[in-house]
Structure formats: C-alpha cells, structure tokens
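Peer 1: Read off the chains here:
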Amino acid sequence: MLQRLPVMLFAAAMAAIPFIPTMPPFWIVLLDNIGLSALVAMGLVLLTGVGGLTSFGQAAFCGFGAYTTAVLTTAYGLSPWLTLPLALLVSGIAAVGLGLITVRLSGHYLPLGTIAWGLGLFYLFSKLGFLGRNDGISGIPPLAIGQLKMIDPGTIYFAIWIAVVLCALLTMNLLDSRTGRAIRALRRGHVAAEAFGIHTPRAKLLVFIYAAVLAGLSGWLYAHFQRAANPTPFGAQAGIEYLFVAVVGGAGYVWGSVLGAAVVVVLKEILQSYLPLLFHGEGQLETIVFGILLVVLLQIAPTGMWPWLTALLPFKRKRKRPDVSLTLPRRPSTAARDGALLQIDNARKQFGGVIAVNDVSFDVLPREIVALIGPNGAGKSTTFNLITGVLAATSGTISVLGKKLDNPAPQEVTKLGISRTFQHVKLVPDMTVLENVAIGAHLRGHAGALASMFRLDRADEAKLLAEAARQIERVGLAEHIDAPAGSLSLGQQRIVEIARALSADPMLLLLDEPAAGLRHLEKQQLARLLRELRNSGMSVLLVEHDMGFVMGLADRVVVLDFGTRIAEGPPEAIKTNPEVIRAYLGAVA
Amino acid sequence: MADSRGAPVLNTTIMLFLLQDGITNGAIYALLGLALVLVFAVTRVILIPQGEFVTYGALTYATLSSGQVPGTARLAVAMGIVAFVFELFAARRSLRLALLGRAFAIDVLLPLGVMALTYELAGRPHPIAVYIALSLAIVGTIGLFLYRIAFQPIAHASVLVLLIAAVGCHLALQGFGLLFFGAEGQRGPALSNAAFTIEPLRFTGQSIAVYATTLALIAGLWLFFGFTLYGKALRATAVNRLGARLVGIRTALSGQIAFLLASVIGAVSGILIVPITTLYYDTGFLIGLKGFVAAIIGGLVSYPLTAIAALLVGIVEAFSSFYASNFKEVIVFTLIIPVLLLRSLAAPAVEEEKD
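Protein chains in written order, with my numbering: chain A, 26 to 614; chain B, 132 to 486.
Please note: incorrect hints may appear among the correct ones.
[As the list claims (entries may be wrong)] The following residues of chain B were derived to be distant from chain A, with all beta-carbon distances above 12 angstroms:
1. N142
2. L230
3. A281
4. A426
[To be verified] Per label pair, the in silico range of CB-to-CB distance:
5. B:N371 / A:F376: 51 to 61 angstroms
6. B:L141 / A:D431: 31 to 41 angstroms
7. A:F479 / B:R224: 28 to 38 angstroms
8. A:P509 / B:L150: 58 to 68 angstroms
9. B:R233 / A:I325: 26 to 36 angstroms
10. B:R233 / A:D160: 54 to 64 angstroms
To be clear, the hints were calculated from the coordinates, so they are not data collected in a lab. Cβ atoms here follow ideal geometry from the backbone N, Cα and C, with glycine treated the same way.
Excised from the complex, chain B in its bound form (with noise of 0.2 angstroms):
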C-alpha cells in the first residue's frame, strides 16, 4: 500500500477497495443522517444522542450475543417507569383507567416484558435474529421514553434549549454506557458469513448485508412517509405543529414516533457495524457526528440529498484514511465548511423572527 519512503500509491485495485469501503460506511452514515433529518424536521430536536443508539444497539447485541444481560434492558425499564410517572403528572386532573391502563402497558409492561425474556434467553445460545430483535426492541423502547422524558416536556421551546437538552441525554446515555458496557470494546457475531469475489473485490455478507438493509429502510421510510396516515401525520407536524395539533393530529405522539423510528434505525445501524469494527463505549458519538455531517450537507431537510452526502463522506473518509490517516477526523469535519460556505453566499430568505 505504500513504497519503500512511505508515500501511498493508488493503483486500481486500492482505489475499488477504499471505495467500496466508503460506500459500507457511507450507507450507515446515510442512515443515521436520515434518522437524524426525521427527528429534526418532526420534533426541532438535533439528536445529538443518535450516536448513544447506536453504541446501544451495536454493545446490546454483542452482550447478548456472548450470552449476559446487557445493561440497557435495565435502564429501558427504569426510563418506562419515569415515563409513566410524567405520563401520571401530565394526566393527573383527567385519570382514565383506559388511558392509564395504556400507559402502563407500553411504559411499564413492555419493558418489563423485554428484559424478563432476556433474563430468560441469556446464557444459552440461541439464532441471531433472537439477539437482533432484543436489542432492538431494547434500544428503542429507549429510545421513545427519551422522548417522552427528556423533550416532551419542552416541546415548545426554541431549538436552542432543545440542543442544549439533546445534549444533556448524550452526556448522562454516553455515561450510562460506560457503566454497562466498561471501557473495553467489543466486537459482535456476522450477520452472515458468507462471502464471494469479484476480481479483484471481495464481498462480504456483512457489507452486503449493510447495503440490503440501508436500502430496505430508505424504501421502508418511503413508503412510511408516503402512504400510511402515521407517516403523513408525522410530515404534517414537520411542516406546522399547530396546524397540525389543530386537525388533530397528536404531536407528542408524533415525536414518540420519530424518536422511536431513530433510535431503531440507530441500533440498527450498530448491528451493522459491530460485526466489521471494534465499538467502544463512546464511538457513536463520532458515526453519529458523522451522518451528522451528511445531514447537514443535506440541509436538515432532504432525505436523498442527505443520503447521497452521506456515501460522500464515507468515501471522502476512506480516501482520507488512506492518505492522511492522521487528518481522517479533521477532513471529515472540514467537509462541512465549503457547505456553509455555499450555503452563506446563496442570499437568505426573508426571516421572520421566531421565538
């Protein structure tokens, strides 16, 4: 890869590799960037914590799959049970046994449901998708109570404070997952083992299965957002809240959605990965920075610019890495600059004041 004085050549065969390297990373990119463009247009929320998904997701499943309870059942409970007691507060002059009993059920029993089947399931071995559909059964009842604690509450307010709070549940989520998961990284079992060539490439089931999957849900999104009245319910509230609210479509269950549909799509993502990298504690915060950076590129709005912006970066990443290893990080984040930087010289629009 490199001569004897160090300088890299790029001959065909590296330049197929780093891009096909690009292409996996960028499709996870793509699917966080595209969680992160639905919680911000639904809820005016930066999720700063889509990374903590992530980690969550990617660590839940390699726990599991080495056969112990992984912290996070724990922490879906605790979360459910705050929750509902917000959900009790918010409801305390108009108590009804039907609302309550639902609560109850998603807040409380759920999670309850999940983390006595992991008990139950831990220690023997059993088929990945068992593994798959806890974590992410896991990972996104925490995802909805994040919600329903954290930004709920302050629905209404500026995006400033709804910054600030996203990054309060990154700081106290990242802790979290120090405490259940230690320092050390971990890497989880291959979707699939299997693999083929293409001279001069090799595929792997894992990437193939990356791309699979980041396809299924950019058409799964589609079709969600397209065709069912959840879905419009949720573009209607991305559009105008009180629009919405007024033709009487439930915000608060609106952002329940997104946060649920992101945080899934989050750990979904760290499925993906955790087999290909090692993941520590703490290395969602950077992915997530990363289809951040697509997401931006994307405006916070457009879901296939976002998605083609994300590709971008992992390519740009895993050229980077090739020549300036050390500036991988550095470049990436750079990338941003000639973005705004266009997007400063297009004339802003008219801005009405907005607090």
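For reference, chain A alone in the conformation it holds in the complex (with noise of 0.2 angstroms):
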C-alpha cells in the first residue's frame, strides 16, 4: 500500500476541498469539470499515449452514456444508479462494435476512422427522435442515495472525484501488470508482441473498450450533474478536446490526464472570461489562443507536462525486486529426445517474382547449437520468419516435434516451444529491461485484465517477474534490471532479448545476428552462456555473420546463398567447403 501513498494524499486532499470554507463555489464547478474532463483523458491515455491507438471519437462515447442514462431515467423511470451498469454497458458495446472495425487499421486509418464516426454519431444524436433531436433531454433526476439528493456541484464533486481516483487506481493496476505489459508493447508493432503468444488484435480491443467504458462513465456523470444532456458536448469539437487534455498532461501518463484536465479547463475558463475584456472582441478568441497554445505545447514539450513535472521531484521512485525464490512451471524437457526439434523440408518463399528461400531443407536436433550463415541477402531472416509464423511460406513444409506445422500464427510457434530474437531489436524503450523480459513470460501467466485491475494477480504477476528477474541475471544484466531498455547500448539490448526469449522457457531458441554490435568480451560470455544452455537441454539456431563467433561455438554450420542451401556440415568442413568460399569471396581467384 505504501507505493499508493502519493494517491491516497490526493484523495484526502481532494475530499478536503469542498470543506474549506472560504471556497468560492464556482471553483468546485470547475473541479466537476477538471473531473469528468479527466476521466475520458484517462481513457485516451491507455488508448493513445500507452497503446498508441489515437481517437478523436471518445465525446461520441460520452454521449452514448449520457443519452442511456438520460433516456432511461426520463422516459422509464429508472433509478440513476441502475443505469449505471447500462450505460458503462452501452459504451462497451458501442465500442466493441467500433472497435471491431477500426482497431485493425494501422497507423493514421485508425484516427482518420474516428474522426467519421465521431462525426456520424454525433449526428445520429443530434437527429434521432427518442434522443430529444438538437435539444436533446432535459429534466434528468439527480444522483441521490437515500434523502441525499446530489443537486449541487458541491455534493456531485465526491461522486465524480471517487470516480476518478477509483479509476486512476484501477488503470494504473491495470498497467502494472501482465496484460498492462501487453498494451504497453502495442506501439512497438505488433511482430515482437505477437512473438510472445499477445493476441495484438484483443489487446487493442480490449484498450478500447476500456477508454469507451471510462468516457461513458464520464458520460453518465455529465448527464446527472447538468441534469440534461444535449448533443453538444458530444460532437467532435469536444472529441478534439479530450485529446488535447490527454496530450497536454502526457499522453502517457495516467495521472497526465487529470493534470492536463486542470490545466486545460482552467485556461479556458481564465481565457473565456478575460480575453474579450483585452481585446473587446466578439468571437471566439480562446479557440485561437487554444489552438495557437496546443500547437507551441508540440514543438515545445511533446510528452506533455506531467513527466516534466516529475522530473524536478527531488526523489525518485523505488521499484521492489522480485522475490526470485518463486518459479513457474516448466516445460517438459526434449533433451532426451531421439529425432530433430525443428524440421523444415523444402521450405520456399516467393515475393512476388523474388526467390527468397529456395527449397531450404535442414532440421535442429535436441541439445544442439546450428548456426545459419550466408552472405547478405541470403534468406536467412526470412527463414527466421516462416518459421516463427510471422510469414506464411509459400510451399514446403515445416514440423516441430515431428508435427507439421499448417502455417500457424506467431503466437501458436511460440507454445511450441519456440522463441526467438529480433535483427532489429523490438524492445520497449521506455519500459524497464524487466517488464521487457517479462513479456517474454507471457503466455507462462494467467491473469486477465478484470483480474489485475483489482489486484487479484499478485501470486501470478510476482511468478513472471521472478522469472524474468532470473533470466536477467542469467544472461548477466543483473544491474541495469531497473533502467528503461532504450538506455542500454545496442549489444546489451540484443542480450535483453535473449534474455525476454528465455523467459519463454523455450526448448529452442531462435537468435538473430545476437553477437552484433557486442564487444570480445561480451562475445566471449554469450558464448559461454549459449553453451550453458545447450548443456542444459536446450537447442539453439543462430544467424550470425561473426564467423569466429559462428565457428568457435556451432556443432553445424548450414549455409544460404541467393535463398539456396549450399552447404551444411561441422565448423570444420565449412571452412574449406569451396562452395561456402566462392559465395563469400566470389570466384576463385
């Protein structure tokens, strides 16, 4: 409880202000505000600053759970609190609906999408009959428990702040933790998350759905606190807004959202009252400061106010090590195995016209280091990708454990056993090399989303990351299991993910070019280690260009040239295998 302590000095705080005595009440209206504004950042700020996915259609979603609370209070009689659950329940569904359809769409689709249902719904809103057209609904009961009719700002402000610290709460548990590792690697494309068994497509959905869920609840709020809900402040001008808030506090950051909540509907409101007094101008000036203001924000601070404002915090955050005498289950061991791990017959890749492995064969028996060589261009990468999944190949066939593989998703290869590394590292730059390894150990955990919100994943979260924190130390990494993997070097970001592949507790590994960018020295430990692990069972397939790296540690060497096998063999024959010479130096000379 005690790394919630700053939360909990908020929430005092916050529930002492209404009873200062001397608070103008139109300051509590403008907390009300900060409040609901603050809920849909919250939202945005998993959606688009963590998962990277931006929406300019969350005020669409607000107005789905103002207008179920405003129509079933209304016409139904409903009471507040039961429509609650509805109108959470109705932003859900809209969102699933949506989300369906626009989660999939990488890169600018995605906000481009929800700028035109923004749009249409707030149409749809502002036209549909049973929603009270233009005018919309007024006459909404208040929120009331018991004689206690929550009528003023003064009252609404506990149900709205309670809201936002519960949420803040929820989503950062949410974040800290196994599926909060998964929408934190979304950003990073979708081929190393799905590496390691995340189902990209559901994880998205899922940030989705919960930023939609947060706006309807804001929603459900605004309906009850104006006592009337009209299609305004549901249309895209507010959808921009919300945006705005989430980038101007740190699009990042959860509490960002909240801060950048305060700081906008200040500003706004300090703009709205003095500017026409400056200028004695009609019109909206503050929309032209507003915007003149969000556009300096970007070319000044781009990653928003809250991380700079945590930066001048003279101490910093202490992490807690994980407790590593706890372990996770393993896999049964194939080292005693008769027959190969890996088999590919005759595996073929086409782009378009291009040949890029041609008829490979080759397999990877138990406890054995094979390394693939070949000159660049070789297809040795592309055969890493037909065998993780990651391309489908166009014929041949490729079978682990001696059952064939009918083109499986990348998610399915790594079940089997198969882990891999990355050419170009695909780390997480801003999470730490432990949550980065420990998204290896995905799939070895369980906890879902609802699970970890409420902290129910403890016992499985506190396994994964004592694994992790053990392949951390095993690969020698030890001091920096607490530093952001964007500030280690190049080659130690390599022994990361192997480190994050080992955490998958695979019976083969798969490493692409992992000795490049290392120094002797560090060569020398991988090597050591790659060894250690193959005593332990383990069989390894490596790309690699270093050849006294590649020749010193491989029991076979196989050879690619222009997609073709044309050699295979120990260290000892390659060397002077005038094929393998000839493709490397060119003709004899």
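Reconstruct the complex from the two isolated chains, following the hints.
Peer 2: Structural data, given as structure tokens:
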C-alpha cells in the first residue's frame, strides 16, 4: 500500500477541498468539470499514449453514457444507479462494434476513422427523435443516496472525484500487470508482441473498450451533473479537446490526464473571462489562443507536462525487487528426445518474382547449436520468419517435434516452445529491462485484465517477474534490471532480447545476429551462455555474421546463398568448403 | 418532389438533377481530397485545416467583391512576420544576406504587397478576376506560412503529433475566421451568369466552371508531378524523406510547396462554391471533412481513386438529402465504415515499427 501513498494523499486533499469554508462555489464547478474531463482523458492515455491508438471519437462514447441514462431515467423512470451499469454496458458494446472495425487499422487510418464515426454519431444524436434531436433531453433526475440528492455541484463533486481516483487506481493496476505489459508493447508494432503470444488485436480491442467505458462513465456523471443532455458536448470539437487534454498532461501517464484536464479547464475559463476584456472583441478568441497554445506546446514539449513535472521531484520512486525464489512450471525437457525438434523440408518463400528462400531443408536436433550463415540477402531472416509464423511459406513444410505446422500464427509457434530474438531490436524502450523480459513469460501467466485491475493477479505476477529477474541474472544484466531498455547499448539490448526469449521457457532458441554490436569480452560471455544453455538441454538456431563466433560455437553450420542451401556440416568442413568460399569471397582467384 | 403523404418519389428528372448536384459537390470534394492526399504524402500531416482554406478563400473573395478589405490580408502579413522570425531563428548561426533577403521578400514583402494592393483596390468595383487573384494570393501565403510556423519545426515528429498540431491550427484559423468574417454567412458573385438547358437539366456557367476547374487542376497536378523537377522532388519526399534529403532535395521546401498547393486548391474550391451556397466561417470544416472521407476511401495514397471516391461521396450526399435529409451527414460519414471494414479484412502487411 505504501506504493499508493501519493494517491491516498491526493484523494485526502481532494476530499478536504469542499470543506474549506472560503472556497468559492464556482471553483467547485470547475473541479467537477476537471474530473469529468480527466475521466475521458484517462481512457485516452491508455488508448493513445500507452497503446498508440489515437481516437478523436471519445466524446461520442460520453454521448452513449449520457443518453443511456437520460432516456432510461426520464422516459422509463429508472433509478440513476441502475442506469450506471447499463450506461457503461452501452458504451462498451458500442466500442466493441466500432473497435472491431477500427482497431485493426494501422497508423493514421485509425484516427481518421474515429473522426468519421465520431462525426456520424454526433449527427445521429442530434437527429434521433427519442434522443430529443438538437434540444436533447432535460429533466434528468439527480443522483441520490437515500434522502441526499446530489443537486448542487458540491455534492456531486464527491461522486465525480471518487470515480476519478478509483479509475486512476484501476488503470494504474492494469498497466502494472501482465495485460498492461501487453498493452504497452502495442505501440512498438505487433511483430515482437505476437512472437511472445500476445494477441495484439484482442489487446487493442481491450484498451478501446476500456477507454470507451471510462468515457461512458464520464458521460453518465455529466448527465446527472447537468441534469440534461444535448448533442453539443459529444461532437467532434469535444473529441478533439479530450485528446488535447491527454496530450497536454502527458499522453503516456495516468495522472497526466488529471493534470491536463486541470490545465485545460482552468485555462479555458481564464481565456473565456479575460480575453474579451483585453481585446473588446466578439467571437471565439479563446479558440484562437487555444489552438496556438496547442501548436506551441507540441513544439516545445511533445511529451506533455506530467513527465516534466515529475522530473522536478527531488526523490525517485523505488522499485520493488522481485522475489526470485518463486518459480513457474516448466516445459517437459526435450533434451533426451530422439529425432529432430525442428524439421524444415523444402521450405520456399516467394515475394512476387523474387525467391527469398528456395526449397531449403535442414533440421535442428535436441541439445544442438546450429548456425545459419550466408552473405547478406541469402534468406536467413526470411527463414526465421517462416519458422516463427511471421511469414507464411509459399510451399514446403515446417515441423516441430514431428508435427507439421500449417501456417501457424506466431502466438502458436511460441506455445510450441520456439522463441526468438530479432535482427533489429524490438524492445519497448520506455519500459524497464525487467518489464521487457517479463513480456517473454506472457504465456506462462494467466491473470486477465479484470484480475489485474483489482490486484487479484499478484501471485501470478510475482512468479512472472521472478522468472524474468532470473533470466536477466542469467544473461548477466542484473545491474540494469530497472533501467529503461532504451538506455542500454545496442549490444546489451540484444542480450535483453535473449533474456526475454528465455523467459518463455523455450526448447529451441532462435537468435538473429545475437553478437552484432557486442564487444569481444561480451561475445565470449554470450558464447559461454549459449553453450551452457545447450548443456542444460536447450537447442539454439542462430543467424550470425561473425565467423569466429560461429565457428567456435556451432555444432553444425548451414550455409545459404541466394535463398538456396549450398552446404551443411560441422564448422571444420564448412571452413574449407569451396562452395562456401566462393559465396563469400566471389569466384576463386 | 414529395407526394401528399410526404414520402419522396424519385423520377428520372429528379434523379438526373440529384446526380448533377452530386457531381458538382463531388468535384469540389475531389479537389479537397487531392489536396489532402498531396499534403499527407509529402509531409505526413493530415490537413484538418483544409476546410479553413476553403472558407478563407470563399469569404475573402466574397468580402473583396463587396468592396471591403478582408481580415485575412492582415493575417497573412502577421503570419509572414512570424515566419520570418522563425526563419531568422533557424538560421541564426549562418546568417547570409542572400538567404535573409530571400526570406524577407517572401515572408514580409510579399504579403505586405498583397495587403497594400487589397487596400488600394478596395471600395471600387473591379473585374472578378482581380478578386480571385487577390484571394488566392492571400490564402496561398497563409498556407505557406502555416507550414513554416506550425509544421516545419516538428517535421520529424510522429503522425499523431502532426495530426494534433493540425487540429490546433484548425481551431486557431477557425477562430480567426469568426473574427474576420463574423457569424453571418456570405455569398459571392458567380463566375459566369451564362446558363443553358439540355432537357430536362439546366447547366449554369458556375457548375460548368466547377467541372472545368476540377479537371484542369487534376490535369495540372498530373503534369506538375509527372514532368517538373519540383513535382518529382515532392514525390521523392513523399516516398522517403531521408533519401530525398541525401540527394539534395530540401524537404522543408517540398513541405512548403505542398501546403501552398493545398491552400490554393482549397481557396479555389471555396471560390467555386461560394456563389452556389452560403458559406459561414465554420462551414469549411465540414466540407473539408467530406473531402477527407474521399481521401480515406482513396487510402490517402491514390489520386484517381480519391477523385472517384469524391464523386461517390457527392452523389451519396445528394441522394441521401433527398431520401433522408435529416440523416444526410450521418450517411456520408458512415460511408467510411464499410471502406474501413474492407481494409480491415484485407490482410495487413508485415509492419515494422514506425517511431
């Protein structure tokens, strides 16, 4: 609980504010608005800042929440408390529908799509008869607990801020968990995440729904705060403003949403009340200043105010060390197995007219280090991608433990016990080494999003982190365990990738140029580690350019050239093979 | 158009009429869609303020024709001065006279000259062509300076950051629009009052002008990108910024040209429609967004697909305003959903991380 002390202090301070006797009521209204805006922005933090999915349409989800309660309480006389779950449900279901369509869009299509359906929904709200068209619905009953009716801004204040603090806690819990790591990995593209069993479309849909439910909650509160709902606050402009709030506060930080909401709401208030005095002008001067400030802010502080503020704090947050005595169940050892772990039989990959991999066959036996070498463009990485399911083979078969794989998803391959590293490092740079490595153990944990939010995942989580910490220790990076992965040298990041792959408890490790960027001593350490892994029963298939490294380490070498296997054998034989020498050095002089 | 019970009945005449209306609007959306694709391809900015270029062009033209000086002329000067300061700051370590002179001429003298001309000409009637030229000059310089001020300093930022900056520009420009033109709508004089009838349709000179201009601009863009050095430089920037820089293309200049073209295209569209429909300071946003729908359908990459999609948007809009005028906007904007759906179902390519 000590970890949550700042939150508790914040909650206590917020609870005390209405009791300050000289507090102007108007400030309470502002605080109410800040809370409502912060809730929506919090969803955006998760969706946009953490998950990398930009949505301009969040205001529409507020609309779903607000109109659900508005209709049900006025037309059907339901109690507001009864409409709360329904409002959240309606927003959530709307998110499922829109999310299934939109979250699979990559890059800029997503924000564009959200603008479009955000506008469409706004016009729908303003045209539908049972939603009161442009006039909306008024006469919504206030929230009430027994005789206490939350009519004035000072009482509904508590409902709003309890919601904000609770949601912030739940969101922080979610981010600091197995599911949270999956969400945080989304921003770096789907290939690395999927290589460790994360179902990226599902993770994207999850954050999309989560953000929509938070917006729906805000809309529900708004409807009972204003006691009316009309389309204007749920239009495109509002959707843009919520994104603005998140960016101002710091789109990657849960509390950035509260800070951003405070800054934007107060700023707007000041602009609206003082600008006309300064300029005697009519019109929306505040939108002009607002727009200009937004551009200025992006130019000087694109990551927002929260990280800038926390950097000023004199003390740093301490991280808890995982308890390494906890263990996860392991895969049955394949060390004593006869027959190959991996068999590649006439695998072929064509990109249009280019044959990247030309009917290549080889296999990997238990307790064996096999090196795949060849000049640039020989098809080594493509072969890796075929094995790991990133690419589908044009023809040929790939079998694991004697079972033929039929164009499996990357998530399926890792379940079979094959895990990999990447030629171009794919870590999440702003996550710590420990968190990055724990992604490798994703499939060995079971806690879902809800369990994580309510902290029911701690036993599961402790085991995952323990496993990750053990693997970091094993590869010799224990001193960097809490450093952001992006702060390590490229060579060290490659080693972190190995630790991540090891966390998946593989029987076969696929390493794509693991020694690139390492210094001589580090290479020796890596070679020692790989031998140790082999001796403990694991097999390794590696692509490497450093011949000294490969020849001293591999049990067997497979040579590719222009997509074709030209040689295979023990290192000694490969070194003197005339075909190989020709491929590397050109025609014999 | 509707029988006694209010249900609309479609006959051939009405259908042709709706088709004509749709094609006229679609042509405008096509222009805007093309501009959006152009700007996105070259700068990765999703140009939300495109709609403001439309309103600025239209209302500047309308204001000029009514004999007054539009506020946009002053805005261009102010933005030019800011742009010049940015230029000075960016070049503070290597201030060369030639560079300074060039920047001063474009950023300060040019908009000042246009403003002086505007004041000089105001109050007396002139041929429409003069108003059009002035409007295009004013809006074009605003577009150019907008890139210099808002986007050039963050040209390497992610698409998201650029998008939010674009939203900021939209808010500011729309606010200025209200300040300059007021909340009331305006109409401008038609380019031509000629009209002829091919039964049952009546063609006005204005609608012919819309078609002709759209076709001419599309052909012009095609020639520009296919056959000029600058056009090729822009295409190179679109494909690979770093590569373009390495072969000596100034990507900042490419961005400025893209914005200049986009703002001029926007202003042309505005001038073309302001004689047909009343435009308000905030109408542009919606018109721009419809161009945007077309651009999305075109996948933000293909000019011909965007143009076809824009015609489709215009026609759908015309027919839905006939059948369900209340839900016109809903229908137009949800048109995107099936397109997005198709794109989702098509297998996504192996993506590499972007940032």
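Peer 1: Each of the hints needs a verdict: does it hold here or not?
Peer 2: Against the structure, the hints:
1. Consistency note on N142 of chain B: stated as away from chain A, and its beta-carbon is indeed over 12 angstroms from all of that chain's, at 27 angstroms minimum.
2. Residue placement check: L230 of chain B keeps its beta carbon more than 12 angstroms from all beta carbons of chain A (closest about 22 angstroms).
3. With a minimum CB-CB distance of about 5 angstroms to chain A, A281 of chain B fails to clear the 12 angstroms threshold, and the non-interface call is violated.
4. Not every C-beta of chain A lies more than 12 angstroms from that of A426 of chain B, the closest at about 8 angstroms, which undercuts listing it as non-interface.
5. Distance hint for N371 of chain B and F376 of chain A: a CB-CB separation of about 20 angstroms, inconsistent with the stated range 51 to 61 angstroms.
6. Taking 31 to 41 angstroms as the suggested C-beta distance range, the pair L141 of chain B and D431 of chain A does not conform, at roughly 52 angstroms.
7. Between F479 of chain A and R224 of chain B the CB atoms are about 56 angstroms apart, so this pair departs from the stated range of 28 to 38 angstroms.
8. The hinted range of 58 to 68 angstroms is satisfied by P509 of chain A and L150 of chain B, whose Cβ atoms lie roughly 59 angstroms apart.
9. At roughly 27 angstroms, the beta-carbon separation of R233 of chain B and I325 of chain A lies within the given 26 to 36 angstroms, and the hint holds.
10. For R233 of chain B paired with D160 of chain A, a C-beta distance near 56 angstroms keeps the hint of 54 to 64 angstroms intact.
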